[in-house]
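Trainee: Read off the chains here:
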Amino acid sequence: MLEALSSQTALTHSGTDLFSLAERRLQWLESRQSVLAGNVANANTPGYVSKDVTPFAGVLQSQMTMAMVQTEPGHMAGPGNSALARKTTGGTASIDGNEVRLEDELGKIADTNDQQRFATTVYTRYMGMFSTALGTSS
Amino acid sequence: MDFTNTIGISAAGMRSQAERLRVSAENLANKDTTGSTPGADPYRRKTITFQTTLDQATGASSVKVRSIGQDHTPFETRYEPSHPAADAKGYVKVPNVNTMVEIMDTHDAQHSYEANLNTMQITRSMLTRTINLMK
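In order, the protein sequence lines correspond to chains S and V. Residue numbering for the first sequence follows this note's numbering, starting at 1 and increasing by one per position. Residue numbering for the second sequence follows this note's numbering, starting at 139 and increasing by one per position.
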């Protein structure tokens, strides 16, 4: 879906490439939401440690280098968009070794939701500027 | 990574929690189910455990029910000689179901279910916003 949206990004070479940036941001938020949903789903799984994705700044840097392509659906994701298991501060695990704190996860999900709303708004506004320049109503 | 997959993960979480609620309800419903022949075992409490599953396509972790097992805590006995399940000494074995434990489990399952439901709703609104970009 996002790939289709980005097909016109090649047209914009001047200034900050906001379309491309917004697209990568949206992709990152999409994968983060997936990982956070996994954390919530595993809130009662023994021994599960909550995960998060690499921060967006890190993703931007790693995308300057070459990333592995997934040619088969069975392939593992490349290092560019890998979810890294991050141990939360010790001592909070419950008796079964589960380290998911539901409040933290829901907070992160709300945060991801806000950031996604922000990114889509920026995208829409920028698109509106193009419409204005083209003389069509937005 | 796709929002549709993410909704699927939340759905898997809700399915697991619903299963847990069912097991808890079974235990509560059978908390007085004794045997019918002298010395027979009463209802044995059921337990449920979850397991993380890795979605190979996206690398995200989903969840499923690993197994529904049995609680091997010994049964308590109650002196009631007239009961059909009473042994030679007049003692009846009663189920190893603790009502308090089951109620706490039910509450916990409900909270986790709601958390998954909220996550699913947020993912849906994110998906809607992405679709609206095409307008």
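Simulated from the structure, these hints should not be mistaken for laboratory data. Predicted model only: the values in this text are computed from it and were never measured. From the three backbone atoms N, C-alpha and C, an ideal C-beta is built for every residue, glycine too. Some hints could be false.
The following label-pair restraints were derived from C-beta to C-beta distances [what the hints assert, rightly or not]:
| hint | chain 1 | residue 1 | chain 2 | residue 2 | range |
| --- | --- | --- | --- | --- | --- |
| 1 | V | E214 | S | L102 | 56 to 66 Å |
| 2 | S | G74 | V | P176 | 52 to 62 Å |
| 3 | S | A57 | V | H210 | 25 to 35 Å |
| 4 | V | T215 | S | D111 | 52 to 62 Å |
| 5 | V | A178 | S | D104 | 47 to 57 Å |
| 6 | V | A156 | S | F118 | 52 to 62 Å |
| 7 | S | E72 | V | A178 | 20 to 30 Å |
| 8 | V | T244 | S | T71 | 17 to 27 Å |
| 9 | S | F118 | V | R160 | 33 to 43 Å |
Think about it this way: if two alpha-carbon atoms lie no more than 30 Å apart in a straight line, the pair counts; the simulated DSBU-like pairs of lysine-lysine are [to be verified]:
| hint | chain 1 | residue 1 | chain 2 | residue 2 |
| --- | --- | --- | --- | --- |
| 10 | V | K227 | V | K169 |
| 11 | V | K202 | V | K231 |
| 12 | V | K202 | S | K108 |
| 13 | V | K231 | V | K273 |
| 14 | S | K108 | V | K273 |
| 15 | S | K51 | V | K202 |
Trainee: Tell me the numbers of any earlier hints that the structure contravenes, in ascending order.
Mentor: Hints 1, 3, 6, 7, 8, 11, 13 contradicted; others consistent.
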